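K.L.:
Sequence:
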Amino acid sequence: MISAETVARNIDVLPTLLDLLGLPIARDIEGISAKPAILGTGGYDPEAAVIEWNDQILCWRTHEWMYAHKTRPELYGANPNDPPFDLIDAPQPGTPDPSNFEIDVEELYDLKADPHEQRNLLVDPPIGIDDPETASPDALLAATKSLLDLHRRRESMRQALDLWQKGRLNAITDAEAEGAMAQTGYLNGGGESSHGQARQSRVLELAAKFASDAIERSPAPTAEAFAMAAESIWLRGDKKAARLLLQRGLTAHPQDDSLVSLNNRFEKR
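Per the working numbering, numbering of the sequence shown is gapless, rising by one per residue and ending at 805.
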């Protein structure tokens, strides 16, 4: 049996079979041949693959990560008309979905650590500390950094899906088809689904709490602590609280480049 460990796509099956049979691949056939990967000669290694189901569930899958987004959660028990639309509205691990379709609104999996996709990191993120209530400021900041990195990975994979969806729209001329795609929430002209404008996640909730706790437990909070706490709170949508905390940080560290840069970013938004 021949096998190859790589990201593969359904659209590549037909050109691969034609190539293996020595038959020509018509120019209007989508996809590329995976024959080089099968034969071990290299030349086929897509960075990512898109997985979709009925324009309602979209996934971005790389070698190491899987991100899934339920674009129409109202069909599966989460109501986007009741803001904030967030992971709290979604079925939690171990909780039956009203539609018996067990998928959270958003899912992110580390495929190296969790190849069978059993732990949704957006609902159950690793924090690396046993007891947050007694953890040191340094331990809390390390956990915050890890959580913010996880959030940024979610953002980058979500944006990749947005770009893919917009690229597919460019090839559509039928108004009815475009209208159907608009219902998925991807065609609102921004990088965020129209269903997700008020989204908050467990990841940002914990990041904001840990960074804030690190500030309160330290006799002399670092500029890094203020920056991470302000950014986390800002990303959760409480811009007033984020600005107040950032000003507190600038008072303590007026010359810190990271705080000055973050303040400039806040002022532009």
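Honestly, the hints are just simulated from the structure, not real lab data.
Since we're looking at a predicted model, the values are computed, not measured.
Using N, Cα and C, we set each Cβ at its ideal position, and we do this for glycine too.
A few of these clues could be false.
[What the hints assert, rightly or not] Straight-line alpha carbon distances no greater than 25 angstroms define the calculated DMTMM-like cross-link-like pairs of lysine to aspartate or glutamate that follow:
| no. | residue 1 | residue 2 |
| --- | --- | --- |
| 1 | Lys648 | Asp564 |
| 2 | Lys745 | Asp698 |
| 3 | Lys648 | Glu669 |
| 4 | Lys681 | Asp749 |
| 5 | Lys702 | Asp674 |
| 6 | Lys775 | Glu691 |
| 7 | Lys648 | Glu752 |
| 8 | Lys681 | Glu588 |
| 9 | Lys745 | Asp774 |
| 10 | Lys702 | Glu741 |
| 11 | Lys745 | Asp674 |
| 12 | Lys804 | Glu752 |
| 13 | Lys804 | Asp666 |
| 14 | Lys702 | Glu803 |
| 15 | Lys745 | Glu760 |
| 16 | Lys804 | Asp698 |
| 17 | Lys804 | Glu741 |
| 18 | Lys776 | Asp792 |
| 19 | Lys681 | Glu669 |
| 20 | Lys775 | Glu760 |
| 21 | Lys702 | Glu669 |
| 22 | Lys776 | Glu760 |
| 23 | Lys775 | Asp685 |
| 24 | Lys702 | Glu691 |
| 25 | Lys702 | Asp666 |
| 26 | Lys775 | Glu803 |
| 27 | Lys745 | Asp666 |
| 28 | Lys648 | Asp660 |
| 29 | Lys681 | Asp650 |
[What the hints assert, rightly or not] Quick list of simulated restraints, FRET-style, between CB atoms:
| no. | residue 1 | residue 2 | range |
| --- | --- | --- | --- |
| 30 | Gly578 | Trp700 | 38 to 44 angstroms |
| 31 | Asn800 | Gln695 | 30 to 36 angstroms |
| 32 | Ser794 | Asp667 | 41 to 47 angstroms |
| 33 | Glu691 | Ile587 | 15 to 21 angstroms |
| 34 | His599 | Ala756 | 40 to 46 angstroms |
| 35 | Arg784 | Gly567 | 40 to 46 angstroms |
| 36 | Asp774 | Ser797 | 37 to 43 angstroms |
K.L.:
Run every hint past the structure and note whether it holds.
P.N.:
Verification of the supplied hints:
Taken as a hint, the Lys648 and Asp564 pair is broken in the structure, with Cα atoms around 36 angstroms apart against an allowance of 25 angstroms. Only pairs whose Cα atoms come within 25 angstroms are accepted, and Lys745 paired with Asp698 is rejected, the gap being roughly 30 angstroms. The straight-line distance between the Cα atoms of Lys648 and Glu669 is roughly 30 angstroms, outside the 25 angstroms bound, and the hint therefore fails. A hinted pair counts as satisfied when its Cα atoms are at most 25 angstroms apart, and Lys681 with Asp749 qualifies at roughly 14 angstroms.
As the CA atoms of Lys702 and Asp674 are separated by approximately 42 angstroms, the hinted pair breaks the 25 angstroms bound. About 19 angstroms separates the Cα atoms of Lys775 and Glu691, which keeps this hinted pair within 25 angstroms; it holds. Note on Lys648 and Glu752: the hinted pairing is violated, with a Cα-Cα distance of about 36 angstroms set against a maximum of 25 angstroms. With a C-alpha separation of about 31 angstroms, the suggested pair Lys681 and Glu588 falls outside the 25 angstroms cut-off, and the hint is violated.
Restraint check: the Cα-Cα separation between Lys745 and Asp774 comes to about 13 angstroms, which is no more than 25 angstroms; the hinted pair holds. Restraint check: the Cα-Cα separation between Lys702 and Glu741 comes to about 30 angstroms, which exceeds 25 angstroms; the hinted pair is violated. Simply put, Lys745 and Asp674 have alpha-carbon atoms about 14 angstroms apart, close enough for the 25 angstroms limit, and the pair holds. For a cut-off of 25 angstroms, the pair hint linking Lys804 to Glu752 is broken: about 28 angstroms separates their Cα positions.
Distance hint between Lys804 and Asp666 is unfulfilled; the C-alpha atoms sit about 38 angstroms from each other, more than 25 angstroms. As the CA atoms of Lys702 and Glu803 are separated by approximately 29 angstroms, the hinted pair breaks the 25 angstroms bound. Simply put, Lys745 and Glu760 have alpha-carbon atoms about 15 angstroms apart, close enough for the 25 angstroms limit, and the pair holds. Restraint check: the Cα-Cα separation between Lys804 and Asp698 comes to about 23 angstroms, which is no more than 25 angstroms; the hinted pair holds.
Between the alpha carbons of Lys804 and Glu741 the distance comes to roughly 24 angstroms, so the proposed pair stays at or under 25 angstroms and holds. With a CA separation close to 21 angstroms, the supplied pair Lys776 and Asp792 stays within the 25 angstroms bound. About 18 angstroms separates the Cα atoms of Lys681 and Glu669, which keeps this hinted pair within 25 angstroms; it holds. Among the hinted pairs, Lys775 with Glu760 is consistent with the structure: their alpha-carbon atoms are about 18 angstroms apart, no more than 25 angstroms.
At most 25 angstroms may separate the alpha-carbon atoms for a hinted pair to count; Lys702 and Glu669 exceed this at roughly 44 angstroms. Restraint check for Lys776 and Glu760: the C-alpha separation of about 19 angstroms stays at or below 25 angstroms, so the hint holds. The straight-line distance between the Cα atoms of Lys775 and Asp685 is roughly 20 angstroms, inside the 25 angstroms bound, and the hint therefore holds. Under the criterion of a C-alpha separation no larger than 25 angstroms, the hint pairing Lys702 with Glu691 is consistent with the structure, at around 16 angstroms.
A threshold of 25 angstroms between alpha carbons decides the hint, and for Lys702 with Asp666 the separation of about 43 angstroms lies outside it, so the pair is violated. Distance restraint check for Lys775 and Glu803: the Cα-Cα separation of roughly 11 angstroms lies within the 25 angstroms cut-off, and the hinted pair is therefore satisfied. For the hint pairing Lys745 with Asp666, the CA-to-CA distance comes to about 15 angstroms; that is within 25 angstroms, so the pair holds. Restraint check for Lys648 and Asp660: satisfied, since their Cα atoms lie roughly 17 angstroms apart, inside the 25 angstroms limit.
With a CA separation close to 21 angstroms, the supplied pair Lys681 and Asp650 stays within the 25 angstroms bound. Restraint check, Gly578 to Trp700: a C-beta distance of roughly 25 angstroms breaks the suggested window 38 to 44 angstroms. Taken as a hint, the range 30 to 36 angstroms is violated for the pair Asn800 and Gln695, whose Cβ atoms sit roughly 22 angstroms apart. For the pair Ser794 and Asp667, the beta carbons lie near 29 angstroms from each other, so the given range of 41 to 47 angstroms is not met.
Take Glu691 and Ile587: their Cβ atoms lie about 19 angstroms apart, and the range 15 to 21 angstroms holds. The supplied range of 40 to 46 angstroms is met by His599 and Ala756, whose beta-carbon atoms lie about 43 angstroms from each other. About 54 angstroms separates the C-beta atoms of Arg784 and Gly567, a value inconsistent with the hinted range of 40 to 46 angstroms. Look at Asp774 against Ser797: about 20 angstroms separates their beta carbons, and that is not inside 37 to 43 angstroms.
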